[in-house]
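Undergrad: Sequence:
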Amino acid sequence: MTNPVPMAEVWRGDFLESVHHGHAVICDDSGQIVEAWGDPEIVVLPRSSSKMIQALPLVESGAADAYRLWEEHLALACASHNAAAIHTDRVQAWLDHIGRGEDDFRCGAQEPRDIEMRDALIRAGQQPCQIHNNCSGKHTGFLTLTKHLGAGPDYVDFDHPVQQACLEAFEDVCGEPSPGHVIDGCSAPNFAVSLHGMARAMAYFASAEDRSGVRAEAAARLRKAMVAYPELVAGEGRACTELMRAMGGRVALKTGAEAFFIAIIPERKLGVALKVTDGSTRGAECAIAAILVKLGLLDPNHPATLKRMNAPIRNWRAIDTGIIRPAAGFC
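My numbering puts the first residue of the sequence shown at 1205, with every later residue one more than the last.
Derived DSBU-like pairs: lysine-lysine, alpha-carbon spacing no greater than 30 Å straight-line: (1) Lys1511 x Lys1498; (2) Lys1473 x Lys1428; (3) Lys1428 x Lys1351; (4) Lys1428 x Lys1498; (5) Lys1511 x Lys1473; (6) Lys1498 x Lys1473; (7) Lys1428 x Lys1511.
Now the in silico label distances, taken between C-beta atoms and shown as ranges: (8) Gly1303 x Arg1449: 33 to 43 Å; (9) Arg1521 x Asp1376: 45 to 55 Å; (10) Val1223 x Ala1313: 35 to 45 Å; (11) Glu1372 x Asp1218: 46 to 56 Å; (12) Val1247 x Lys1498: 20 to 30 Å.
It should be emphasised that the hints constitute simulated quantities derived from the structure, not laboratory data. All figures in this text were calculated on a predicted structure; none of them were measured in a lab. Every residue, glycine too, gets a C-beta built ideally from N, C-alpha and C.
Produce the complete structure using the sequences and hints provided.
TA: Following this line, the structure appears as structure tokens:
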């Protein structure tokens, strides 16, 4: 096994204060590794970075078309959203459309990340509900597929037809069997895979137009929905949204908990998977930005880039005290 490599460094003055180590893989459409850092075969939990794979059965089953879902719905199915009004209003409308309600969810209530929504709930004396969960779009997709299949209500159970369909799709596009699963923050199964396998899956999405079959067509639709509606995939101020906008829709990005990140690059037919081992979001955002800059897809001087790579660290008096930057020798 190859050890993780330094990916991002935090400097305070002339002192190296922190280092974020990790693993990353760039894979081509044949499934071969183009470049790797650390151990490409390390087994990882992609967490929410796998949401576009979990959404494949929604589209390829015919459920998305049967319920006349638009690109906005598909973007939400891939989302880890802020629970701003643009997210929650659409989730509620989607639930109404399929004849389901918040009580049918199995994701749990979550305080909105969106400050305006959070404060509005506080002023109204209301508690967050499951629609505010960052995964509520994915779960509405699960509910839609559940209804389409005529399956039982506990759609997050590992043996449920929805999750078995997700597992089959996951193993197919990753090109390897999953060694097991865990329960994610939203209570759905999350399947383990090698980092190489996850990058291979992202290359599948990147090259979907060159492939045949309903799965490839579904992958292309989901990827296009993500770049068409980056604000629904995450939200204002978030790396996924801002970096997709900065690249003009050329790349689909998705973060996952505990410092996972993927990139889908159709013009190069490349997939990227990245894991920072200490679980630091700032480390993962700096590292994925560095890879995208290296590939010539992201402007190093774009404001969205400079928030995450070569980003100044300021104290409470707005004095520059340090910087977070790619580690020496990485990218």
